[in-house]
Amino acid sequence: MTPTTADKIQAGLKKRYAAERRFRGYGLVSVTIGLAALLLLFVSIIGNGYSAFQQTFVKLDVQFDEAVIDPKGTRDPQSLARADYGQLIKKTMRELFPEVKNRRDKRKLYKLVSPGAVFILQDMVRKDPELIGTSQTVWVPADDDVDMLIKGYIDRDVPESARRLNDKEIAWIDALAATGSLEKRFNKIFFTAGDSREPELAGIWGAVVGSFYTLVVTLALSFPIGVAAAVYLQEFAPRNRWTDFIEVNINNLAAVPSIVFGLLGLSVFLNFMSLPRSAPLVGGLVLSLMTLPTVIIASRASLQSVPPSIREGALGMGASQMQMVAHHVLPLAMPGMLTGTIIGMARALGESAPLLMIGMVAFIVNVPEGPLDPSTVLPVQIYLWADTPERAFVERTSAATLVLLAFLVIMNGAAVWLRKRFEQRW
Amino acid sequence: MLNQKQAVLLERPAKTNDVLPSAPVKIQDTDTKTVGQVTVDKPIMTTRNVDVYYDDKQAIRNVSIDIAYNEVLSMIGPSGCGKSTFLRCLNRMNDTIESARVTGSIELEGHDIYDKKTDVVTLRARVGMVFQKPNPFPKSVYENVAYGPRIHGLARNQSELDEIVETSLRRAGLWDEVKDRLREPGTGLSGGQQQRLCIARCIAVNPDVILMDEPCSALDPIATARIEELIDELRQNYSIVIVTHSMQQAARVSQRTAYFHLGDLIEVGETSIIFTNPQHKLTEDYLTGRFG
Amino acid sequence: MSTPLLIAVLLLLAAAAFEFGRRRALQVAGPEFRTLHSLPRYYGSYTALWCALPALILLGAWLAFEDKIITILVIADLPAAYQSLSEPELNLIVNDLRNQLSGNVVSRELNLDMQAAVKHYGSLRATSKAALAVIFLSVAMLGMGLAWRKIAPDFWARNRVEAIVKVLLIICSTLAIFTTIGIVLSVLFESIRFFRAVPVFDFLFGLEWSPQTAIREDQVGSSGAFGAVPLFAGTLLISLIAMLVAAPVGLTSAIYLSEYSHPRFRAAAKPLLEILAGIPTVVYGFFAALTVAPLIRDAGTNFGLDVSSESALAAGLVMGIMIIPFVSSISDDVINAVPQSLRDGSLALGSTQSEMIRKVVLPAALPGIVGGLLLAISRAIGETMIVVMAAGLAANLTVNPLEAVTTVTVQIVTLLVGDQEFDSPKTLAAFALGLMLFLVTLALNVIALYVVRKYREQYE
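Residue numbers (this note's numbering), protein chains in the order written: chain A, 1 to 426; chain B, 1 to 292; chain C, 1 to 460.
In short, the hints are calculated from the structure, not lab data. It is possible that part of the hints are untrue.
As a list, the in silico PhoX-like pairs of lysine-lysine whose alpha-carbon atoms are at most 25 Å apart [stated by the list, open to error]:
no. : chain 1 : residue 1 : chain 2 : residue 2
1   : A       : K151      : A       : K188
2   : A       : K420      : C       : K270
3   : C       : K166      : B       : K117
4   : A       : K91       : A       : K14
5   : A       : K168      : A       : K188
6   : B       : K139      : A       : K420
7   : A       : K72       : A       : K59
8   : C       : K270      : B       : K116
9   : C       : K359      : A       : K15
10  : C       : K150      : B       : K117
11  : A       : K127      : A       : K151
12  : C       : K68       : C       : K150
13  : C       : K119      : A       : K8
14  : A       : K59       : A       : K151
15  : A       : K188      : A       : K106
16  : A       : K8        : A       : K59
17  : C       : K166      : A       : K14
18  : C       : K150      : B       : K116
19  : A       : K59       : A       : K127
Now the stretches of chain C that chain A is said to cover, found in silico as 3 or more residues with beta-carbon under 8 Å [stated by the list, open to error]:
no. : stretch
20  : 10–19
21  : 49–56
22  : 227–236
23  : 354–362
24  : 392–405
Where is the CB? At the ideal position from N, CA and C, for every residue including glycine.
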């Protein structure tokens, strides 16, 4: 008996279903790889970064000795500002560990306290000169090595020579910890200070403010220009070679590597127009050129989704084309345009490569006060810190990354909310 | 009624005759195949030898027809015959289609509407349009009606504007239904109400001519009946040109009927005559249902 | 008056102009205001625009050329001895003059000639400022006056205002073209200067890259070597690794999510994967350097392999992860664009789901997928932060993914970050690399966008 068609199909069926399952399996594996990578990224960054939100502080009973701070007794703010507050801290440390006599050891002992402690004392006296002559309990940040030991990032079991802290230092730290003079507290410095060479004094506020100014400039330029360009191209432009050429340009610019925009910024804004280096203004200019295509493309899509019947209705009433756009089309397209702009802004916030070209990588301690002050931005701060060898900067880099990601989550969340809230189906 | 209306015309009505002398336009009787009563004594709009092209495709061939004051002119014909295209020429809505090109002459009270000196905005305020699908703006009922008077500056103050809105809604027979929900979105009304809102929106700017492009095709029979009543009432004040795919509707609402076929205007005549005694073979075939 | 003050005054003037224009319109219209062609506010806007726009254009032009013209005048006025100096030296002198004027640190003691020049410079600046203020305000008033005179009942103010607004819109839309021109010109000019010092052929085909020109001519390696082949090879290697990760993973996960997965799983997994696209590249770079590179190195050590801590593999892998959502979202679009009728046809013949996808959907979607992959490659080539942070600096010519290689973008960053001299080939080389990068990505983008567009049109 010759096999029927059904028999023939039956014969191959098992193999075909196996292929089907394999194919399906590949897909599942791929999705898993993607999700696993995401998970690994977040775990590694959160794992490295969460501890930076706390910082070890040392309790010092500081004697505000008049002989050191204000030997003349004039209480002159100028001389108070210049006084040697380091002496006070050194004295306190010596009193805490009277057994330390060796000069080299003493220097090591002093280094357990952050150099920033000096400024804390100075600030206290500036605010309240009455403190002079009294004794106060002050919590000051500990050095980053102390902080790392307390947080368990320095392994006590490695040989002394390979450790950042030697046995003596560890003994002092343990002694301080035993008396309750060391405490991990919320790391306010991290959120309020500018950059610093000392990890325990370094903060992201300078970079956040720099990012803010940069984004303000970017938004102020790219939103109106992008919307205007989209309105022209979508509502007014005749279809001809010229508009085709503009479109090709926009689509292409959306895919040009960001670093090329940096080169443009360097040679046009800095060299040709002599704008200041490292300024958020220039950063904003470069980023707005970069985000403009995104804004234009999103805005056009949004304009396109407004139904033609609305346009006809307005025109049929005798509204001019400009009135039709301004009164009806633009308000209806606005949520979509805003969504696109926010997404563009989120990209600009995370962008760093073009900013490296225009000098926003400088080491800047001061918090910028305007869009012309030299400054850096959050992602570039991450890049700068990632380059530094200290272990304490690793956790700060991760923490700064978390802050950056938090901003991005907020912005993208706002975009999603906006889309959901104002989504209109026609 | 006419005088009162002209008092609120948007374009300087007193001066209109100085700009362009209204010379009587002769129909070039080269190949006008149209049979019946093309011209009327005192037309508000005249069209002569109108051709419309989309790129190289000709959609309308040599159409000449007059529109009289206070009449409802219906345009019927099989789909794709060009009746909507022709309607859209009358207030230059075809300008929005880039490939469309219109030749011939179309005049509104003696002024060529395709003349460079004609502001298309003023034209559309005088020749309003109601569309196939109700298209209220996604704003409140009040704002929908107030929009036209606002952009054309027809009201000096809020109370005048309120008055215009109320009058327009009353004339559109919608006032009693919406007077308590003026602030609610116009898109929330029923289909028939939406279409009447669009008519109210249109008459709020007090046009001379209202163009209606199959205004009832998206509505149920009851809503359709209301609109048809309304059209008949509106005839007191306006000239109405209505495109419809329903012969019964044309018979019910219009005084004159024009029959289009594949871009040609075949026959024009009094509705009662056309429906009972068509002169042209094509008209007869269409009316008797040989094609549709 | 300072520029912000001028602009503030102008805004006030424009506001006044608006009111004047509006009133004038109502006045000429007489009691029957409907005889006006346009609404009164359009007459106001027209007057305000004529007040503000010409003045603003003047201000822009003045600020753009003021410095150049003053500098030329000052240099022309310097004693003859200075005129023969070379351009860089003259620039230095002018810089000193400027610094002295603004009270900054000056690089040298100023002699009498130069002090005179400083004075001259200062007086020119003051004159220019005063002249600007006067001319600026006169232009504003003049514009306002002219517009005001034109107001008449049959003046089409709305159309004029709309025409002006339309011109502004057009200008905004052409900005994209100017950006492209700006990019081309800025990289091209510096590249031409670079190619004067280093022959194009040496740059494109040279096998050695060491851009560190020595300070003194007698030092070792004073000439530097600008053979870019190792950079191109490194870029290609890392991009290849990235695409080997991203292309299969992105494509198959797109297929799985759109054809197989439960809608609820899709609703959760798709946005999660898209998060990967939203993470800044600097974060990926940090992740590569901090986590992935050590991981790979340790794994290599376990197998007895010597893995560089800046291996191409680490950078490539992470870049691949970054590109996954890009590939998968483009594939998703493209696959969804394949008409249902094709799928139905295949399923109706009794093919299994995977046979339908492989034999019908994928071949139909192939052009779109290829276009998407080209865009992804262009991204990988241009990606900067990941490689800057995780790839090496040394230009090794190798195909071993476990060694450190460097890329075009890394070198652009290294050459341009820090102090720059714009006449050394070292700095200019960065622009030549930028030019190559721009040209290659441009070609890829144009081809990809063309392919994708053709594909879309096919199914529309």
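Cross-check of the supplied hints:
1. A:K151 <-> A:K188: Distance ~17 Å between K151 of chain A and K188 of chain A Cα, so the pair holds.
2. A:K420 <-> C:K270: Given pair K420 of chain A, K270 of chain C holds - Cα atoms ~17 Å apart, limit 25 Å.
3. C:K166 <-> B:K117: holds, 20 Å
4. A:K91 <-> A:K14: Violated, at about 85 Å.
5. A:K168 <-> A:K188: This hinted pair is violated, its Cα atoms lying about 30 Å apart.
6. B:K139 <-> A:K420: Roughly 20 Å separates the two Cα atoms, so the pair holds.
7. A:K72 <-> A:K59: violated, 29 Å
8. C:K270 <-> B:K116: With a Cα-Cα distance of about 55 Å, the restraint between K270 of chain C and K116 of chain B is violated, given a limit of 25 Å.
9. C:K359 <-> A:K15: The given pair, whose Cα atoms are some 16 Å apart, holds under the 25 Å limit.
10. C:K150 <-> B:K117: holds, 18 Å
11. A:K127 <-> A:K151: violated, 33 Å
12. C:K68 <-> C:K150: Since the Cα atoms of K68 of chain C and K150 of chain C sit roughly 38 Å apart, the hinted pair is violated (cutoff 25 Å).
13. C:K119 <-> A:K8: Since the Cα atoms of K119 of chain C and K8 of chain A sit roughly 102 Å apart, the hinted pair is violated (cutoff 25 Å).
14. A:K59 <-> A:K151: Distance of about 17 Å is within 25 Å: holds.
15. A:K188 <-> A:K106: Since the Cα atoms of K188 of chain A and K106 of chain A sit roughly 29 Å apart, the hinted pair is violated (cutoff 25 Å).
16. A:K8 <-> A:K59: Cα-Cα ~86 Å, so violated.
17. C:K166 <-> A:K14: violated, 67 Å
18. C:K150 <-> B:K116: holds, 20 Å
19. A:K59 <-> A:K127: Roughly 20 Å separates the two Cα atoms, so the pair holds.
20. 10–19: violated (count 0)
21. 49–56: violated (count 0)
22. 227–236: violated (count 0)
23. 354–362: holds (count 4)
24. 392–405: Not satisfied, violated; 0 residues make the cut.
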